[in-house]
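Undergrad: Those protein sequence lines, which keep their order, are chains A and B.
As numbered in this note's numbering, residues 3 to 270 make up the first sequence, in order.
As numbered in this note's numbering, residues 65 to 318 make up the second sequence, in order.
Hints are computed from structural coordinates only; laboratory data are not their basis.
Just so you know, even glycine gets a beta-carbon here, dropped at the ideal spot from N, CA and C.
No false leads were mixed into what you were given.
Below 27 Å or equal to it, Euclidean Cα-Cα: the simulated DSS-like pairs (lysine-lysine) are:
1. A:Lys188 x B:Lys203
2. A:Lys188 x B:Lys173
3. B:Lys173 x B:Lys203
For each label pair, taking beta carbons as the anchor points, the in silico distance ranges come out as:
4. B:Gly103 x A:Glu185: 28 to 36 Å
5. B:Phe98 x A:Asp170: 22 to 30 Å
6. A:Gly166 x B:Asn102: 35 to 43 Å
7. A:Asp170 x B:Glu172: 15 to 23 Å
8. A:Leu184 x B:Glu180: 23 to 31 Å
9. A:Thr257 x B:Glu186: 36 to 44 Å
10. B:Asp139 x A:Asp170: 20 to 28 Å
11. B:Gly138 x A:Gly166: 34 to 42 Å
12. B:Glu180 x A:Asp170: 24 to 32 Å
13. A:Glu185 x B:Ser300: 48 to 56 Å
14. A:Glu185 x B:Arg299: 40 to 48 Å
Okay, here's what each chain looks like letter by letter:
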Amino acid sequence: MATDIRNELERARTDEELPLAGVDGSRALLGSLGVVAFLGLWHVASLFQPAYVLPSPLAVGGTFYAEAASGEMITALGQSIQHWLPGAVVGTTLGVAVGIALAWSPLLDDLSAPVVRLLRPVPPLALIGFAIAWFGINNAGAAFIIAIGAFWINFYAAYGGVEGVSEDLLDVARSLGVEGDLELVKSVVIPAASPEIMTGIRTGLGRCWMLVVASEIFGVPGIGRQILRAGQNLQVDVVIAYILVLSLMFLLVDTAFRAVQRRMLRWR
Amino acid sequence: MNAASADSGVRIEGVSKHYDAEGGVVRALEGVSFDVDNGEFVCIVGPSGCGKTTLFRIIAGLDDATDGAVYLGGDRVEGPTPDMGVVFQEYHLFPWRTVRGNVAFGLEKSGVPEAERRTRVEELVELVGLEGFEDSYPKALSGGMKQRVAIARALAADPALLLMDEPFGAVDAQTREMLQTELLEIREETGKTVLFVTHDVEEAVKLADRIVVMDKEPGRICETVPVDLPRPRSRSDAEFGGYYERVLDLIRSA
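Construct all of the structure, not just a fragment, from the sequences and the given hints.
TA: In structure tokens:
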């Protein structure tokens, strides 16, 4: 899972350097072409399969509309947001804070290194027992699973960012009268590490949408629950319709956060 | 609050720096002592590896000496202090802060009220000739401009001493000359005591009231050369050449 996170952070970083789709006209055009081709292939493939194996894109569109119109989709989304939001906020905040603290303090780092190495390979899903035992089959339990996922991504991003802060900038700050760890962290370490921290937050927010499915596996209602239940009933069109909701939410949050990120890091 | 009028002299007293390395103890500095008078411009020159930068870091309070002490205005330097304005070769501006934000940094940290900060920053930006770039980020500035920001930032808290480590070593020759002239003007205007580390003999002869020449292995002072030339100095002057040759010889024989 650690390499997993690293790969994901890596991807997000390279992604940042690419021009924004839409700014580059030909890129947007090619993207649209790709979407059309994908839908076309999907449609052709669906002609040779029964609908419970692979429904056509049009059928999925119809299901999506029906689910949305019935209000069931909105309800499920509202429920999932009640897991996603607190999970993302708590996991991100703790991950960033602990990552900064351990990277900054050699003492804390040495103390925690074995425990961190022991805990980091644990997939959030494996902690469902704790979610149930500590929080119960409810929103808090689901948020807990999501928070674990967000925590590690942000922990590693912040840790790496702080490790990379130039000793020279700290010297400058000290010579300009900054005293004490807290002041140095506030006025130099956090701003200097903010590009990595922001990349971590962005990657984490995306990961949290993926974890929505896992977090609802033990019976808490939401988008994930709908996907799992439809899957058990072989309603593949419903599965895809709800996956689409997750994708759209991911896209929405990611685009919004990217705008914030660009604005905050305009000095780069 | 004019620190320059108070005693801003520097006394370096028996400073040694030893550290363990493979093959024994390295004596980076050995018993370095000299004074810098109030308002004086002193350059430290020496061959590479003579411990100039180590000495600079000890004077700035960024590293500890193995032995000896540094005094600023009679007080022992125990660590980094805003009484010294420190300028590094590689600028080390805070990239997330604008020119204004960089210059204001020290003032914010020492709790100078907003209005006073604003006036002070404006004065300094003008002093280093960066009007119009107040809201630019460092990434948009040339090397020479960055170093001007760093100088303004170092001067912001009105330090007793301006301490510089090869500050013009990373810019092109033309910019270097311009910055040297500007530094002399700034010094004229502010009356600051300046301690300036360089490996460039010509630069030292051009700027200094006195040149401290260092030896290597171990790093220590081999001679102090007062430069008795009127300013502005030109390297085409015969006397300039005389000083240049003399200091260069000292370094070569070091």
